[in-house]
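Enquirer: Work the whole structure out from these sequences, hints included.
Residue numbers (the numbering used here), protein chains in the order written: chain U, 1 to 185; chain W, 186 to 521.
Hints were generated in silico from the structure; no laboratory data involved.
All figures in this text were calculated on a predicted structure; none of them were measured in a lab.
It is possible that some hints are incorrect.
[Stated by the list, open to error] Here are the in silico distance ranges between beta carbons for each label pair:
hint, chain 1, residue 1, chain 2, residue 2, range
1, U, E48, W, P507, 24 to 32 angstroms
2, U, G99, W, T493, 32 to 40 angstroms
3, W, M290, U, Q16, 35 to 43 angstroms
4, W, Q422, U, A36, 45 to 53 angstroms
[To be verified] Listed below are the simulated DSS-like cross-link pairs for lysine-lysine, each with C-alpha atoms no more than 25 angstroms apart in a straight line:
hint, chain 1, residue 1, chain 2, residue 2
5, W, K442, W, K521
6, U, K34, W, K225
7, W, K521, W, K365
8, U, K77, U, K52
9, U, K123, W, K225
10, W, K225, W, K365
11, U, K123, U, K55
12, U, K155, U, K34
13, U, K77, W, K225
No residue lacks a Cβ here, since even glycine has one placed at the ideal position from N, Cα and C.
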Amino acid sequence: MAGVLIGLAAALAGCQREERQLRLDPPVADALDKIALMPNRIGGAPPEVYFKLGKPYEANAYNLSQGKRLYTWFGCKSCHGDGQGGSGPAFLDGWWYYGPELVSIFASIRDGRPHGMPMFGDKMTTDQIWQLAGYVQTIGSYEGQTAAPSRNDEKQARPAENRAPAKLLFDEGPSPVHLDQGPTP
Amino acid sequence: MIRAASKAGLSAMLVVPLTGCGGNWQSALDVYGSAAISLKHLIILIVAVCSVVWMLVMIALIAALWRNRDARSSSPEPGRERRMTMAVIGAVVATVLIISTFTVMSFIATRALTVASQDDLTVRVRGLQWWWGLEYVGPDPSHRFETANEIHIPVGRNVRLQLEGLDVIHSFWVPSLAGKQDLVPGRPNELTIRVERAGVYRGQCAEFCGMQHAHMALLVIAEPQEDFDKWATAQRQVATPPTDEEAAAGLRTFLTKPCAACHTVRGTAAAGTTGPDLTHVGSRRTIASGMFETTRGSLAAWIADPQTIKPGNNMPLVPLTPDELRAVSAYLASLK
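Expert: In C-alpha cells:
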C-alpha cells in the first residue's frame, strides 16, 4: 500500500512542469540590472531579487535555451567559437579570466572587458544578458547541472552543455591544459 | 414549441460550419492558384465518384436484404447463380476501372504541382519562430531585397519559393493557392505557385512550431505585373530619412536602443539580422506576422509589450520612456 502511494506521488510529481518566465516586469528587470560588483570588477553578488526569483538564469532550462540562441544571434561565435575559443578566450576549459561567478559573466557581457570584449548593454535587454550569461556559464561549468539548454540542430563541435567537463580538464595529467597557468585553477 | 426551438437550433448548428466555407480569405475550396485548382478538381472528382459508388453499394445492400426474405421460402430460381456471378464480375471490373482512373487523375494532378522548369521570380522563404523572412533574389544581385510576412507576386507568373526553416520545422500553406510544403532546417524545399487572379490570399504555418504557431500568418498579394514592378522598385530603395522632428528622434532612439541589434533598416546603421527587415515596415499590411493591421498605434502597442501580445516570441520587452515610444512608433509608421 505504502509502495503504491509512493509510486503515485512520484507519478504526480512528474506532472510538474518547469515554468517559463516569458515577460519580465520592467521594475524586476531594473532590479536585476543592479548587480554589486567588487571594485576590480571580478566577482560580486547578484541583486536580492535574483534569489527571490529562484536563480532563474541557472536553474531554468528555457532561459538557458534562449541564452543559447542569443549566443548565436549576437555573434559570440565569431570570437569564442562554440566555446573552444578563437580570437576570444575559450569557455570549455573552465578557465575564467574574471572568475566563474554569474555576475562576472553578466558584467563582462553588459559592460565589456579590456582587450576586445565589446559591451552589449546597449544591444540587449537585461533579461537577455542574464540568459546569455547563464548559458555561457554552463559551457565551462565545473559541475553537471539538471537544467540544460536544448540540443543543437547543427553539428555539435563540443560536448553537451550540462555535462561536468571542465573539472576533468584540471585533473593532473601528463600534460596540463593550461601550460602557462598550471594544471589547477 | 420545443420542436420549433430544436429546428432553429439544428439550422444554427448547420449554419456555423457552413459559414466556414464562405469567403476567399483562406479556403482550399476557393482556389485561384494553378496547383490549388488542380487539387480541388481532383478532390471533387474523387468525392463525387465515391459518393455515387457508396449510394450504389447501399442500394445493392438494401435490395439484397429485401430479396433474401422472400427467397428463403421459395426454391432457387434457375439462372440465379449465373446472374450473381455476372454481377460480382461487373463490380470487380468497375472497381478496377474506377481506381485506375483515380490513379491516372491523381498522377496528372501531381504533375501540375511539381516545380515548374521555368520560373519568372524566385523568393527565398525562411520560416522562423514565429514569422516569415522573405528574400527576393533576382539574376542581378542589385535586385535582391528582404522583407517579411508579405509576399507580393505578379499575376499569371510562375513564382518559385525556396523554403527553409531556420529553427524548427514549419510549413508553408496558402490554401487558395497551393498545397502545403514544409520548411525543414538544413533541407531546402521548393514550391512553385502561380496565381491566376489578383487578390490578397492568407496563409499560415501548418506544422506545429511552438507556442505562437497559431500566430504565424502570412499574406500573398497577387497584383498585375506593373503594380508588382512598382512595389519591388520601392522595396529595393533604402529607407527615406525622417522628415519631421518626432520621426528623427525615433530614428535616434531606434539606433541607440537594442532595436538596431536585431533589425535592419537599410540606409541607416541598423543592420541586425535576427528580426524582420523593417526598411519598409510601414508599407506592409500587418505587423507581428499577421497579428495586427499596421498602424502607428499597433506598432507602439507591439513595441511596448511584445510578450503580452505574443508570449514567448523573440522580441524582448525593451524599456522605453513614453516619449521614446511615441517617437519610435512615429518613425516606424513613416517607413513606407
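Enquirer: Against this structure, judge whether each hint is valid.
Expert: Hints versus structure:
| no. | hint | result |
| --- | --- | --- |
| 1 | E48(U) with P507(W): 24 to 32 angstroms | holds, 29 angstroms |
| 2 | G99(U) with T493(W): 32 to 40 angstroms | holds, 37 angstroms |
| 3 | M290(W) with Q16(U): 35 to 43 angstroms | violated, 53 angstroms |
| 4 | Q422(W) with A36(U): 45 to 53 angstroms | holds, 49 angstroms |
| 5 | K442(W) with K521(W) | holds, 22 angstroms |
| 6 | K34(U) with K225(W) | violated, 61 angstroms |
| 7 | K521(W) with K365(W) | violated, 31 angstroms |
| 8 | K77(U) with K52(U) | violated, 32 angstroms |
| 9 | K123(U) with K225(W) | violated, 49 angstroms |
| 10 | K225(W) with K365(W) | holds, 14 angstroms |
| 11 | K123(U) with K55(U) | holds, 23 angstroms |
| 12 | K155(U) with K34(U) | violated, 37 angstroms |
| 13 | K77(U) with K225(W) | violated, 48 angstroms |
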